[in-house]
Amino acid sequence: MTGSTLTATAAQVVVVAAGGPLLLGGMRQVRARLEGRAGAGVTQPWRDLRKLLRRQPATPAGAGWAFRMAPLLLMATSLVVAAAVPLLTTASALDPAADLFAVVGLLALGTVTLALAALDTGTAFGGMGASREITILALVEPTILVAVFALSARVGSTNLAAIVTATLRDPLRVASPASLLAAAALAVVVVAETGRLPVDNPATHLELTMIHEAMVLEYAGTDLALVEWAASMRLTVLLGLLASLFVPWGIAGTGLAALPLALLAFVVKVTTLGMALGAAEVFLAKLRLFRVPELLAGSLVLALLAVASSFFLA
Amino acid sequence: MSAGAGGHRLRAAGVDRPVTVIGWALAGACGLAGVGVLAAVASPARVRPGLVGAATVGIGMAGMVAGLAALGGQSWQARLPGLLPLAGVQVAVDPLGGWFVTVTGGVLAVAALYGVGYAGRGHGPGGRGVLAALPVFAAALLLVPAAGSVSTLLVLWELMAVASLVLVLAEHRARPAVAEAGWWYAALTQVGFVAILLGLVLYAAHAGGDSFAELRAADLPAWVGGVVFVLVFVGFGSKAGLVPLHVWLPRAHAEAPSPVSAMLSAAMVNLGAYGVIRVGFDLLGGGARWWWLLVLAVGAVSALYGILQAAVAADLKRLLAYSTVENMGLVFLGLGAAGIFHASGAPAVAALALAAALLHVLNHAGFKALLFTAAGSVLHATGSRDLDALGGLRARMPVTTALFAVGALGAAALPLGNGFVSEWLLLQSLVQALPAGGVVIAVAMPLAVAVVALTAGLAVATFVKALGVGFFARPRSDAAAAATESPPVMLAAMGILAAACAGLAVAPAALAPVLSRAVSTATDSPTDPVRGGVTLHLAGVASTMSPLLTAVAVAAAVAATIAAVGLVARRVARRRAVALWDCGAGPPTPRMQYTATSFAEPLQRVFDDVLAPQIDVDVTPHAESTYLVAKVAYHARVPDRVEHALYTPVIDVVRRLGRLGPVLANGSVHRYLAYGFFGVTGLLLILAVTR
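Just so you know, the protein sequences line up as chains A and B, in that order.
Just so we're aligned, residue 1 is where the first sequence starts under the numbering used here, counting upward by one.
Just so we're aligned, residue 1 is where the second sequence starts under the numbering used here, counting upward by one.
Hints were generated in silico from the structure; no laboratory data involved.
These numbers come from a predicted model, not from an experiment.
All C-beta atoms in this analysis are idealised placements derived from N, C-alpha and C, irrespective of residue type, glycine included.
There could be a bad hint or two in this list.
[As the list claims (entries may be wrong)] Sample of chain A residues at the chain B side, in silico, Cβ under 8 Å:
1. 51
2. 59
3. 99
4. 142
5. 158
6. 204
7. 206
8. 275
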């Protein structure tokens, strides 16, 4: 572990932490414009965070340590994932420590802490949000891991840096059916994991239709700021991961010199993906909760096809 | 039979080699079992659980000593011809057996310690007979992996089964469900025993001897090998609770006293896996690929079915028991994968899969013993196992809640938990098997990965439910609101288990050498599947993972977040107490909370076709008018579908046959004489015609 690795890892964390709210703002702005509204501007989420960070956190009557710990753990897992995933560099200090399975597990751990916090409040909405979020988490898991299988089988490693490096060395790999199918499967997963349309509506104001928002209803002040911030970072990391796995060009190696270029490439890739997701959301309606499993089953089939084609068409 | 008498004779009998640490430890365990039985029979009721518990703790620790010595590279064999008529007793401890002896010993010691605190106030075993069965069960459990011949294994296996049956029935006066669980357990354990008996006797007959060394050397025809393996797999699979032979497990493990539940669920079921490894890999030497495809398929079905039932269960101990079915399914999935790779000529991946299965046995033992003991503490404090009636325990039982959380983290297979490490190894072996070639692998492995992943996801849902609904939130009943923290002995026992889980979660690499030794014994070739210190490295696979670094990184990130928030928001450090968000409708009551049943409802709906829940809605109209509803009753239950579809018809047939009994034997002497007459005449006729 050298100084340059640590610098690159820290740069990743800083970029994700700073860029997450901006990405969210950008997506909202795209959506607003396409819907014919003026929009609040790209920096609105940052202004919200600034406001929330100055407000007192609240502990509702009867809530315990799970409620208090969840924002911290959610933020911590998001930070660790941001450090481990090859967004700017393939030489992250945490790459040997956390492979793709561990990254998926850490993201799930963050979700679980939030679900436990929601149950801890002992309200109907909290339980409802937790139940729905965990159901979706359980159903998403097979797709992710089978897609990981498809991506890592030919590389011989589930470490993200190894997968990205192999793709950089053999660019045609991206155009293989296995890779394309896995990309489609993982795209559905990212939408489900980050609570975007058509799985969850992040802008809903009706408690009964909420998933993610129902879990965080009781949070206020700095707690809410952490939860919102971490959510935007998770969105950034997952979009960045999707970009790194399927369009890895621009990611720096061990040296620091390529880092500015990597940063530019990362910003372009994630912004494009985010804007595309934001634009697509304008044309989508939220699925009924019990139609979501069908969508996820479809993505699992795609992932299984990806594995099959990586074996039979290779 | 008193195992204690065995202990004394063991020392006196002539043994092949000088008695080593293993020999002395196992002899000590048998001696302590004798002492425990004496204490159970002779001591007054007040000190009885303590004395027997202490003896059982000693048995467990002796087992750990023996197991660790075996894992350290020692081996020990002994023949004691006088101990068992006709066949004699043969004991052989190698690293593979040592792995299971160690796990069993650890679980026994801690669960017995817990049991000392648990006994009394109508809980736990207290009677003479039941307490006398405890040390016998412990010693038999410990010695099964040390058996060195077919007859020794069978005797110990049956001793273990009978003693555990007595323990399961301990609370039969308190609840009628216990007797029913006992019936199921007795029937299925005997079915399993008969299958093992037939398989091993057939094997021994073809091998011409009954010691494992002779079996190992035998050269069986392929069909005999197949028949032996299937029979033995059925027998050991029933002990491990594999679907469809699992139906006894959620009943017996839920109805047994909680320390016994921990022993059954964390130690006894493992021996099913031990049996399959011993016979399939060690004795039969791997065998054909279809054997292991069968194991893989049964394991996958068990894992999925077990966790689905656990996800919709509202009874805490039943939930944990179904989770045992799931985890044993995962272990057998690993074994099946290992066998397939072994038969396909990929020894490195096979060793990795086998290592994953063995490590999962250990991890599962750790977190399941912890979870069952914590569930026992809840039962002890509230008198209820119904999650729908629990809640709010974190305020009244903070230590138990924290310890249960550690166990739940392991059981949910999330990072920072110990279950994650072994599931990671399992996934690595499945994912990296593709180059091993063959269409079978290419089709089976992605499906296996999908099963493991769905299982992991549902396990998360299960344990979020168990922890979030059972321990967090607000109390849903008066009993839960009045719960008190467990006595220090119970907390200490659970604390040891939690520490073990934490150790396994962050430093699994410390086990790498002994794991390699156990795997090498099973596959009979030196392998080194897992290496590394802080970071785990695998043989033949480039993936790495470091649970310790991940834990440190998460801890550092939490500290950094706290520091950053403190810096940015210094003025607002004090938290404000507020009322819950109630939509302006007045404070929400505890009855408005989500319960375990409602939490699992979406999953129940998604897996409607598999679970086939039974939902009855009875609408009672008012006496005056059918349009006015007086009462609506809603009943929902998720019965075990396998039990319903597979066992109910069999039981019905047996019952109908049983009803023939009174008809055939109605007490008339004339009829019995007629039976005798026609029986003898018929026999004579047959003999006259055939000879």
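Results of checking the hints against the structure:
| no. | hint | result |
| --- | --- | --- |
| 1 | 51 | violated, 11 Å |
| 2 | 59 | holds, 5 Å |
| 3 | 99 | holds, 5 Å |
| 4 | 142 | holds, 4 Å |
| 5 | 158 | holds, 4 Å |
| 6 | 204 | violated, 15 Å |
| 7 | 206 | violated, 11 Å |
| 8 | 275 | violated, 29 Å |
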